[in-house]
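Chain B with the ligands: place on chain A using the hints.
One line per chain: the protein sequences are A and B, in this order. The opening residue of the first sequence carries number 1 in this note's numbering; numbering runs sequentially from there. The opening residue of the second sequence carries number 1 in this note's numbering; numbering runs sequentially from there.
Honestly, the hints are just simulated from the structure, not real lab data.
Away from chain A, derived, C-beta distances all over 12 Å, residues of chain B:
{"id": "1", "residue": "A70"}
{"id": "2", "residue": "L117"}
{"id": "3", "residue": "I537"}
Stretches of chain A that chain B covers, calculated by requiring three or more beta carbons in the stretch to come under 8 Å of a beta carbon on chain B:
{"id": "4", "stretch": "13-27"}
{"id": "5", "stretch": "64-71"}
{"id": "6", "stretch": "143-150"}
{"id": "7", "stretch": "163-172"}
A virtual CB, placed ideally from N, CA and C, is assigned to each residue, including glycine.
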Amino acid sequence: MTAGSPDPQVPSGLLPHRIVLNARQMPSYSYGPRSPIWWGTLGFCAVEGMGFVLAVGAYFYLVFVNGTWPLSAPAPDLFWSSLHTVLMLGSLYPNYLAKRNGEREDLRKVRRDLVIMSLIGVALLGLRTMELGTTHVKWDHNAYGSIVWLLLGLHTAHLLTDVVDTIVLAVLMFTRHGHGKRFSDVGDNAFYWYFVVASWLPIYVIIYWFPRWW
Amino acid sequence: MTRALTSHEFDAVPEVTRLATGERGGLPGVQSEADAPPSPDELRDDQVDGPELSARLAKTWGTEKGLIGALSTVDHKIIGRRYIITAIIFLFLGGLSAVAMRLQLAQPESKLISPDLYNQLFTMHGTTMMFLFGVPIGEAFAVYLVPLMVGARNIAFPRLNAFSYYVYLFGGIMIWVAFMLNIGPDTGWFSYVPLAGPEFSPGKRVDFWAQMITFTEVAGIAVAISVIVTVFKMRAPGMTLDRIPLFVWAELVNSFVIVFALPAVVTASAMLILDRLVGTHFFNPAEGGDALLYQHLFWFFGHPEVYIIFLPATGWVSAIVVTFARRQAFGYIALVLSLIATGFLSFGLWVHHMFTTGLPQLGASFFTASSMLIAIPNGIQIFCWIATLWDGRPVFRTPLLFVIGFFFIFVAGGLSGIMLASVPLDTQVHDTFFVVAHFHYVLIGGNVFPLLGAIYYWFPKFAGRMMSERLGKWHFWLAFIGFNVTFFPMHITGLMGMPRRVYTYLPEMGWGSLNLISTIGAVLFFASFVLFLYNIISSARRGPVAEPNPWNAGTLEWAAASPPLPQNFDRVPVVTNREPLWANRDSLPVVAGLSVENREQIVSTITHGRADLRESSPEPSIWPFLTAVATTITFVGSIFTPWAVVWGSIPLALALIGWFWPKTSTEDER
Ligand code: HEM
Ligand SMILES: [Cu+2]
Numbered sequence: 001m002t003a004g005s006p007d008p009q010v011p012s013g014l015l016p017h018r019i020v021l022n023a024r025q026m027p028s029y030s031y032g033p034r035s036p037i038w039w040g041t042l043g044f045c046a047v048e049g050m051g052f053v054l055a056v057g058a059y060f061y062l063v064f065v066n067g068t069w070p071l072s073a074p075a076p077d078l079f080w081s082s083l084h085t086v087l088m089l090g091s092l093y094p095n096y097l098a099k100r101n102g103e104r105e106d107l108r109k110v111r112r113d114l115v116i117m118s119l120i121g122v123a124l125l126g127l128r129t130m131e132l133g134t135t136h137v138k139w140d141h142n143a144y145g146s147i148v149w150l151l152l153g154l155h156t157a158h159l160l161t162d163v164v165d166t167i168v169l170a171v172l173m174f175t176r177h178g179h180g181k182r183f184s185d186v187g188d189n190a191f192y193w194y195f196v197v198a199s200w201l202p203i204y205v206i207i208y209w210f211p212r213w214w
Numbered sequence: 001m002t003r004a005l006t007s008h009e010f011d012a013v014p015e016v017t018r019l020a021t022g023e024r025g026g027l028p029g030v031q032s033e034a035d036a037p038p039s040p041d042e043l044r045d046d047q048v049d050g051p052e053l054s055a056r057l058a059k060t061w062g063t064e065k066g067l068i069g070a071l072s073t074v075d076h077k078i079i080g081r082r083y084i085i086t087a088i089i090f091l092f093l094g095g096l097s098a099v100a101m102r103l104q105l106a107q108p109e110s111k112l113i114s115p116d117l118y119n120q121l122f123t124m125h126g127t128t129m130m131f132l133f134g135v136p137i138g139e140a141f142a143v144y145l146v147p148l149m150v151g152a153r154n155i156a157f158p159r160l161n162a163f164s165y166y167v168y169l170f171g172g173i174m175i176w177v178a179f180m181l182n183i184g185p186d187t188g189w190f191s192y193v194p195l196a197g198p199e200f201s202p203g204k205r206v207d208f209w210a211q212m213i214t215f216t217e218v219a220g221i222a223v224a225i226s227v228i229v230t231v232f233k234m235r236a237p238g239m240t241l242d243r244i245p246l247f248v249w250a251e252l253v254n255s256f257v258i259v260f261a262l263p264a265v266v267t268a269s270a271m272l273i274l275d276r277l278v279g280t281h282f283f284n285p286a287e288g289g290d291a292l293l294y295q296h297l298f299w300f301f302g303h304p305e306v307y308i309i310f311l312p313a314t315g316w317v318s319a320i321v322v323t324f325a326r327r328q329a330f331g332y333i334a335l336v337l338s339l340i341a342t343g344f345l346s347f348g349l350w351v352h353h354m355f356t357t358g359l360p361q362l363g364a365s366f367f368t369a370s371s372m373l374i375a376i377p378n379g380i381q382i383f384c385w386i387a388t389l390w391d392g393r394p395v396f397r398t399p400l401l402f403v404i405g406f407f408f409i410f411v412a413g414g415l416s417g418i419m420l421a422s423v424p425l426d427t428q429v430h431d432t433f434f435v436v437a438h439f440h441y442v443l444i445g446g447n448v449f450p451l452l453g454a455i456y457y458w459f460p461k462f463a464g465r466m467m468s469e470r471l472g473k474w475h476f477w478l479a480f481i482g483f484n485v486t487f488f489p490m491h492i493t494g495l496m497g498m499p500r501r502v503y504t505y506l507p508e509m510g511w512g513s514l515n516l517i518s519t520i521g522a523v524l525f526f527a528s529f530v531l532f533l534y535n536i537i538s539s540a541r542r543g544p545v546a547e548p549n550p551w552n553a554g555t556l557e558w559a560a561a562s563p564p565l566p567q568n569f570d571r572v573p574v575v576t577n578r579e580p581l582w583a584n585r586d587s588l589p590v591v592a593g594l595s596v597e598n599r600e601q602i603v604s605t606i607t608h609g610r611a612d613l614r615e616s617s618p619e620p621s622i623w624p625f626l627t628a629v630a631t632t633i634t635f636v637g638s639i640f641t642p643w644a645v646v647w648g649s650i651p652l653a654l655a656l657i658g659w660f661w662p663k664t665s666t667e668d669e670r
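Next comes chain B alone, as it looks inside the complex:
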C-alpha cells in the first residue's frame, strides 16, 4: 500500500530530485525495454511490511541448503565470512611456522631444524603472511562490510567474488600441500633470481611458489574490481562522496592500489616460471636477460604491498575510533586526502628495497626523499585519529585498546623505518635482524593489531553475539607484551650483526640470550592467539546475544540485523549524513518500490549517489566454483607441462560460458 508522502517526513531528507536522477534507461528516441513498467503481478516492497517483508526477501536473497547450495552461494556475507576465516587460518599457519623458526633460533647451534627445512619455513612464513594473509584479509573485510556500509544488498559482481574466493582457497591449499610433501618453496618470500632461476633451483619448489602468486593475484584483482564498482555504483541514495564511511574510502583506495600493483608481481612470476619451464631468458644474463629486471618488477608491487596491508587497517582504525570516541571523525577530508595520497605515493618508492644493488647516486637520493615523504600522510592520519579521541568521550573497550596498541607499535616501526630510509644506514644493517624487527613492527603494528580490534568490533555483526570483554583485555595485554618481547630484542641482535635467513649461529657471537628472549616472547605472543581463538569459539556459542547496534555506532551496517538477513536491509536506506544512524535515531529513511520476488538492487551515480536504476543482481550459480576448479587444474597442470594451458583452457571456456549464459526463469527473462 503506497501512500502519499507528507512534507514533514522530508526532515533532513533532500527533495526527491536530489535523491534520484529520474532519467530513462534507453537512449533518446529509443523504445527501450529498460523503461517498460514493472509487471503488476510482481510483489514490491511498498505493498508489504514488517516480518512478512523480511521473510519474503530472505527467501528471495537466500542461499539453498546442501553442498551444491553452499558452493553456489553468491551472498557477499557468506563469501566474506569464508574469506575472513580462511585468511585467519593462514595467519595461524604462518604463525606456527614462525614459532618453529623461533624455537630453532632460541639457542646457538641448535639441531632442531635442518637448514633445508629452515629455508622452506621462512619462505612459507613470509609467503603465507604476505600473499595468503596480508592481502586477502583486507579484501575479505571489504567483501563482508563494504556492501553493508554503503547500504547495498550484495556486492557488484557477486559471482566473480565467489570465484575469487575459491581460486584463493585452492592456491593456498596447493602451496601448503606442496610444503607438506617437502616440495615447499625455499627461496624467500620474494624469490629473487638467479637463486630462484632454473640453474640454482631445479625441481618444482619455485614453480609452486610462482603459481601460488598467480592464484592469489587473480583472486585479489577480482575482488578489487568488485569492491571498486560496489563503491562507485551501489551506494544508497544520498550517499554523496563526502558521506562515504572512512572504512569504505580506505578499501576503495586499497582496491585501486591492488589493481595497479598486482599486475607487476604477476608479470614477474610469469616470467620466472617461463624461464624455468619453457626456457625463456628474461633473467639470464648470458642470453641478454637481466636479473635486476625481476627485482624492479617485484618491488614495483612489493612496496605498494606494504600499503595494501596497511590501508584496510586504517579503515578499521577510523571506524573504531569514531564509534568509541562518540563523535564524527576529526578532519574527515584530511583523512580521505591522506588515504589517496598514500595510494599514489606508495608507487614512488619501490627502489628503496634495492639501495644495495648499486643504483646511480642521484636516483638513490630521490628515492630516499620520497620514502620520507610518505610519512606526511601517515602522520596526518594519526593526528586526526588522536584529535578525534581527544575531543570525544572515548570508551575504552577492547577494540579501542587494540587501536591504541597499534599507535604505539606502528609509530615505533615508523621510526626504525626512517632510519632505514637513509642509504648509509640501510647499507649497514641490510639483511640483518634489524630489518626483521622493523618490518614486523610495521606489519603487525599496522595490520594485525587493528585487525584484532576490528574482529572484536564487528564480531557481534558477523556472529550475532558479543565477545567476552574480560578475555579481550587479557588477550590485548598478552599480545602487546608478547609482541614487544619478541621483536624489540631483534633490533639489537640486528645491530650486533646477526643476519636474517640463517638457520643457526655460533655461541661465540654472543647473540644467544637475546634470541632466547625473542623466542620466549614469540611463545607468549602465540599464546595470546590461542586465547583469542578460545574467546571467538566460546563467544560464538555462548556469548550474550548482540543487538543490531551494540556499540551505538553510526554507519549503515549497524542498521541491519546481527547477523544480517540475506537481503541485508528490508528496504534500501537513504543517507542524509556521514553517520546515518546518529542522524536518524528513531526511524530510517528508505527507498521503496523494489521487487520482493526477484533480486533487485539500486544502482546509483558515482559522485552524487543519486538512485538511477533498479537492476537485478545475479542469482546463485555453481559455475563460478566450477570455473575455479578448471582454473586450478590449468594452473597446477602448467607446472608439469606447458600444454596444460592449452587443454586446460577448454574446460575453462566451457565453465565460463555456463557462468554467463542466462538461466531460464531468472531475473533476466521476466
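Chain A with its partners taken away, still in its complex shape:
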C-alpha cells in the first residue's frame, strides 16, 4: 500500500493523496503567539478591554453632561485603594517569574510562583473589599455612584476570575497533570494577569484621583 499513488479504494470522487510534507517531528505545543490559546486570551482581553473603554467613556460622558463632579459626594478614600494598587504593581514581578519559569518547564519553581500569586490574589480581594467600603457613595445614590460601582464591579469580576483561575492552575500543578502543555497555560494565565493589572491603573486614576482634580 503506497500512500500517494492514485488509490482505487478512495471513496468515489475524493481526490487521491500526494504526501508532500511530514509532521511527525513537529513539536506538540509551544509558547506565546505560537500557540492558539495565547490568541484566544488576547481576544478575550480585547473584548473586555473594549468593555472597560466603553465604561470609562460613559464615566466621562456623565462628567461632561453634569459639569459638577462628583455629584454630591466626597471623592472616595485613597488609603485602601492605593494599597491595593501598590500590591498589584508588586505582583508584576512574581507574575513575570511564573511565566519565565513556566517557559523553562521548571516544575518546582512554577509551583512556588503560583502559590505566591494565589496568595497575592487573595490578599488583593481582601483589600478590594475594604476599598469598596470607602467609596462614600452607593450605586443607587446618583449617576456618579452608579458609574463608580460599575467600574469597580467590572474590575472586581476580572480580578476574581483570574484569582480563581490561578488557584485552580496552582492546584493542577501539584497533581500528576503538572507537566507538558500545562507550562504553556501558566504563561497564558500570567498574560491575563498583566491585563488585569493594566486595566486597573487607568480605572484607579479615574475613580480616585480625577474627582480631586476636576
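Just chain B with the ligands, lined up with the frame of chain A:
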C-alpha cells in the same frame, strides 16, 4: 509506510522549508516536553491509507451515540448544523410575527390584534431578526464552513464553540417563552430609555429583553474569537494570506467587528437592567444620568450590526459568484481591502441614527459624509462580482439566481439609504414606513437572499444530497416577487406619512389599499419560505446523492466527503493556490505524520501559513453544556433577584473547573 519523496511530486508545491517552520517548541536551551519524539506505538497517518485510515480517523474524531454524546459533541459540523437550523427556525418565528402584523395592517381600523400585542409583535420581530437570526446566521455558517475551508479538522476552541451554541439556544428559548406567557418585551428592538426604563416599563418584560441581549452577545463573542483564531492559526500549510478564500476573509472581518461592537450593546443592556433592578441612575436625568447615553452605546453597536449581518453575506456571494462564473475572483485584493474598509467604516457612523436628537450642526454633517463614504467599498465589491461574472462563463443555477436577486434588491436599498443619509430628508421621513421599506431592502436584500443562495449552494455538502433545481427556481421567483410586492409600496405609504409602530390607522388617511398590497406580498413571500422548507425536507430525504464536489468548485470544503466525515480530511491538505481544487485536479497534496489515534491538528503561522506545531484538539465533554445551563440559571435568576449572580456563580465556577480540568487518559496525558 513512509517513502522518499521524488522531485517531480513537488510540482507547484513549494519546498518544505516554505511549508513548515521547522522550529522547536521549547524555548532555546530548554529541554521541553514539546519536542519529545512521538510515541512509536501510536499509529500515524503515514502508516495507513485508504478506507482503513478514514474509518480509524472517523472513530477518533467521532461523536458518541446517545443523549450524553450529543450534548458533549465538539464537532464543529454538528454544532454548526445545529446553529444554522436554530437560526433559521428563528427566522421563521420572526417571519410569522411579521405576517401577523401585516394581517393586522391590511385594512384600516382592524381589530385583529390589540395594541399591546402589536407592540410585543414588532419588538419580538425586530429582536428575533436582529439578535436571534441576523448575527447568529453568519456565525453559524462560519462555524460549519471556516474550518473546512481552511483545511482544519476542527474549529479552534471547540468546547467554547459548543458552549456558545447552548447559551444562544437558551437565550432564544427564554425570550420566546416569555412572549408566549404574555411577558414579551414591547419597547422596540432597541428598547430606548426612558420608555424602557423602570418608570415607564414596570414589570419584567424589558428585563427579559435585556438578558436576551446578554445571552446572545456572550454566544456571539465566543464564536467570533474561535473563528478568528481558527483563521489565524489553523490554516492548512501553504495557505498564505492571499490564498484565504473570500468567504473566510468576510467571516474574519465580521468576527473582528463583532469583537469590538458587541461589548457596547452588552454595556447598554447591562446598565439598563441595573437601572431597572438595583436602582442605579445611568439614564435617569433627575439623578445626573442621561438618556442619550443609552442611544450612543446602543448605536455604537447598532450600526456595525448592519454590517455584521451584511459581511457574511458578501462571503456567500463571493463563493457562489466564483464557482458559477468558473473563474477566479476578479480583484481579489480589492475585495479583501473593501471588506476590511467596511469593517473599519462601520464604526464611524453610529450617530446617523440620532440625527433627529438635535446634535451640533457640524457633527451632523460629518456623519452624513461618512455615511456616504461606506458606499465606496460596497460599490467596489459589487463591481468586482459583476466583473467576475462578466468575464467568466456563468452557469445560472439557483444559488446564482439568488445572488442576482441580491444585486437588485440591495442596490435599491442602497439608493433609499443615500436619501436617508441626508439630514433634512431623514428628519422628514424619520419613523415612517419609508424607513421600514429601506431597511428591509438592505437587510433582506443584503442577507436573506444571499443566505438562500448559500443554502442551495452548500446543501449538498451539509446533507450529502442535492436540492431540487426546479423547486429552487420557483422558490426564487416567488420570493423575489413576494418581497417587492411587500416592501416597495411601503416607500409610498411612508412618504404619505404613515408612521411605523402603530397598530392601526384611520380609513381617511388613504393608506388602505397600499397596505393591502403589502400584506398580499407578505403572504406570497411567506409562501416562498414554505416552498423552501418543503424543498429542504424532501431533498434531504430523496434528493439525488451529491458527489464531494458537485459544482466543481475550487475551495477546500469540496475536497471532503459530502457530508464530511468527523475528521473532515483524511490528511490535512497543502495549499498551492487560491482555488486549491482547480489547481490540483487529479491529486491533492497533503501533510502526513499526524496521529490516527488521537485528535491532532496542524497549527500554522499567521501570515505565511507555515506548519508549526501538531497540537491536540480537545475531546468531547459534557462540561460546556453544563456551564451553559449554569449560565442560564444565573442570567434568568438575576431577573428576579440580583443575588442570583452571587449564588449562581458557584455552580458556574464548578462547571468551568470541570471543563478545564484535564481528563485522565486523554490527549494531554500521553
Ligand atoms: C417575512 C418577511 C418580513 C416582513 C413581512 C416584515 C415586516 C415588517 C414590518 C411590517 C415591520 C414594521 C412594524 C411596525 O413598525 O409597525 C417590520 C419591522 C422590522 N423588521 Fe421586518 N419583516 C420581514 C423580515 C425581516 C427581516 C429578515 C429582518 C432582519 C434581518 C427584519 C427586521 C426588522 C426590524 C429590525 C424591524 C424594526 C422593529 C422595531 O420597530 O422595533 N424584518 N418588519
Ligand atoms: Cu446605521
